[in-house]
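Q: What follows is the residue order along each chain.
2 protein chains.
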Amino acid sequence: MTQASETRLAKFLQVAESLKPKLRTRLDKPVGVVEVEQCLQASMGWKARVVSDDSVSKTLVGKEQVIFDFGGHRTGHLSFDIEAIKHGIEPADAPCRLKIVFGEILNDVCESFENYSAWISPSWLPDEIINVDDFPSRVHIPRRHAFRYVKFCVMSTSSRYGIRIKDPVATALTSAPWQDPAPLSFEHFQGDLTADQKTMLRKIDQVSITTLRDCMQTVFEDGPRRDRRLWIGDLRLQALCAYDAFQDFDLAKRCLYLFAGLPFNDQGLLCACVYEKPVPLAGGNSLVDYSMLYAVTLLDYVKASGDMETGRDLFDTAARQFRFYASNFDEELRYDLKSEGVDGLRLVHFVDWQPKLIKDNAEHAIMIYCLKAILELSQLLQVNPPRFDIGGKIDQPLESIIESLVHAHRMHYYHAQRGVFVSGIERQISWAGNAWAVLAGVPETVEQSQEALRVAYEDPESIVGMTPYLHHYLCDAFIEAGLQDLALRHILKYWGSMIEAGAETFFEAWNPDEPRSSPYGDLHANSFCHAWSCTPSLLLRRLGCA
Amino acid sequence: MTQASETRLAKFLQVAESLKPKLRTRLDKPVGVVEVEQCLQASMGWKARVVSDDSVSKTLVGKEQVIFDFGGHRTGHLSFDIEAIKHGIEPADAPCRLKIVFGEILNDVCESFENYSAWISPSWLPDEIINVDDFPSRVHIPRRHAFRYVKFCVMSTSSRYGIRIKDPVATALTSAPWQDPAPLSFEHFQGDLTADQKTMLRKIDQVSITTLRDCMQTVFEDGPRRDRRLWIGDLRLQALCAYDAFQDFDLAKRCLYLFAGLPFNDQGLLCACVYEKPVPLAGGNSLVDYSMLYAVTLLDYVKASGDMETGRDLFDTAARQFRFYASNFDEELRYDLKSEGVDGLRLVHFVDWQPKLIKDNAEHAIMIYCLKAILELSQLLQVNPPRFDIGGKIDQPLESIIESLVHAHRMHYYHAQRGVFVSGIERQISWAGNAWAVLAGVPETVEQSQEALRVAYEDPESIVGMTPYLHHYLCDAFIEAGLQDLALRHILKYWGSMIEAGAETFFEAWNPDEPRSSPYGDLHANSFCHAWSCTPSLLLRRLGCA
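Going down the list, the protein sequences come from chains A and B. Here the first sequence is numbered in this note's numbering, starting from 3 and rising by one per residue. Here the second sequence is numbered in this note's numbering, starting from 3 and rising by one per residue.
Note that these hints are calculated values from the structure, not bench results. Keep in mind the model is a prediction, meaning the values are calculated, not measured. Treat the hints with caution; some may be incorrect.
Put simply, identical chains are the same to the list, so a pair is met inside one copy or across any two.
[As the list claims (entries may be wrong)] With a straight-line Cα cutoff of 27 angstroms, these simulated DSSO-like cross-link-like pairs (lysine-lysine) come out:
#1 K340 <-> K22
#2 K340 <-> K101
#3 K168 <-> K279
#4 K22 <-> K200
#5 K101 <-> K65
#6 K88 <-> K279
Work out the full structure: start from the sequences and follow the hints.
A: Pasting the structure below:
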């Protein structure tokens, strides 16, 4: 890397550092002590009952436990009093060893982690073991957790005493305001909604906002439980929501600068994620769609904030991403998922966690979508659009590349007979392929967009979305195609089913038909407050529910 | 309790508080990394080999572990650096969960605690589980531990990285000076010692001093690992050693005031132990011999320090203990172990952990020994000796009580034919019974003392001592009876065998023939640095080895 490049990156990181927000705190007391039991009617399998609204447990001995319910999700710290209740005249004569489990949802505090079988590290499990030597003590758990429930399990005291947990307090943290945006009013909503639907939509809105807030720390974290990192795909959605809900532009700006300052390689390819602590660090992977979506994120930011200076500062970072992928298009401008990018780097395409999804048409569409954002940015910022070598031709102007890619997409992936976009030699129909085609403006008419989305949504063979991230883009495409009714129906169905499952924040992964499914192989590895699930609030406002 | 009594106790606690020492610190680096293996020749079953004198571990993955050897025992805190060593380009992408085990001896770090079977709480086990989120980090373990070895076991990282432990530092704590007393010289020693014996005695002396130092915190703790409390029986021996080794009188004074300020009941019966934290608290039990030995501890203190004022301030506390036990003597002045004390309190007699020991003659002798201390104190302080009701007679002068009890002891427990003191209807011969008889001055001649001790020491049926506490009093009695050779032989044999087993500090319980025996049912519940084992240094100086 040249000296000049290094200086430029260092400057980007300085800007990011200067924008690091001071976190706001809020002290929360528990609603009370709950008892839990298995429940066949509950989709996650458990229900809780408040047995005491005191902030104090009964005396716990042996292997006894108590669960406090803080009545909602937060990201933050826990502190509590621990008292020794002596059985006779002897004071507490040994330390107390205590396991504390932080639950985003009931399953976290109702189920053992012993048979954890996810392929990601068990060190993400939200439990800690502490030892208390002196009683009474006020204990402050130094690590941050994401939780609604806190379970205290006595691992050992002595035969001489039991313990009582008293006055647990959560210090909630966020860089967002604590004040929620105005609740949905439906005053200007075009369409019929039942009272129950309105109630559900208000709840969905409120849970979206909580999800967003709890992920807004000193960066937009993907999830405050795990992995607490800044990912471009999540950032794009969170930032959009934060502009809308909190008029917060600086956190997005900070995050854009962090990515710009921490490229994946010397040529400026962006990382899929960056690490914030202990010092900002580049992530170890790059995702094709994520690095392209940086341009969209920058465009969103410039349009929302009006901050042209940042736009110009970061334009080259955004614009250069396509350099790494232009050669993935063959001479017929068909996107080759298996092609090797620059420097023999194996290309990774995300789109969704769905393992069955064939991603060529979606990735092709994402390229168009992002190139359009670069073009719009160049116009907005009054800078020259970049030119690329593509399809065997060198130094092509961006406008004509976009036009050619749109044309090629229609040619390669549109199944005119069925009125839907398909992928692979299997001609697979999927939400992903059609949502992104519509968002990229590939269909020639609104009717074509609507038809493609309807087929993809209704065909029983269609590959559906696994992540809320893709569910968002499906709804985004519905709205783009004028299918507001479908968007609303899908929000009610999908995010509504999370609410019915007890969500106080929206989950990283959710399949209402398989509530325990996990992309990691174990429910306990999932995050239950996740950035890319926070968008219904934004979608509902775009649907006129504000 | 009367207002006046309460005021008096509060004043005692104020004096104790004013004497709370500031702890001295010393920063210790490890000698290196050790590897351990089972060893049939080692009495504790393990041996260690230094494999690297670096202060850094290799990269640990999976369930790997590293053991650092700090080259000696200390009480204190641990801090260390933890670095993540990434396997590829991805930084550490998950927290690290780490188990840290603090070993006083190799067994602590070589053996699993999983099948712990002691009847005292497993919360005393010297291990902790921590989670580290950011790398590199300097970790400070806030709890105090007692250790020579530190084992770090990776419980989980992620597949992306391993960890390295670097620069572990122990902050050792004590209220004693770090400077050892002058080593043994043997210049004025009367007798023959081989070079090996001198080497062993010097080592015993040094280990005694370390044991004492590591127990000297803001009170004389019985053991810094467990239970970290102040017990009268331990205090008496520690204080004597601290006067001799460190000319420290204030810590003993503080401890004497703590006991005086925290009586077991309103009548002023003393607790066997007191708790120092979080605020001084009375212990939940009283031991007959311990409460009586308070007077001896006070006498030792006054004689060593010359502090008559404290002597007078605490004289009544010491002198009144016998009021609770005088009625335990029947009309023939035979001590009844099963008699009930004041307020129907079940009397507990300690003497030793040995379960087979019948304690009547030892307890009887301890009463005499302690009453003599009260008498000597009254003379030294020029205060009136107390009078007691005993043997059905009221208001007896102390001198005559002592005389009568000595006479009764001889009558009830001396087996003239065998030349030894015996206990119970079984006429049990024991170290305890004879050592205390000699220390109480019961035998009529030096020859009788010597004979009794020799029989008790040599008779194969004799009940031997289990705790180093009783081993001390046996040696004390040998010296008292002019059997210096036996005392020295016994120190070499008993404390020497601990050294041979690898002791860097002397153990709470030790039987060279059963190295894994424990009064608690599991070796891992034992303390391996224990106050009542620290006396050889004092005994050796009394034997003329200084």
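Q: I'd like to know which numbered hints this structure contradicts. Please list them from smallest to largest.
A: Violated hints: 1, 2, 4; rest satisfied.
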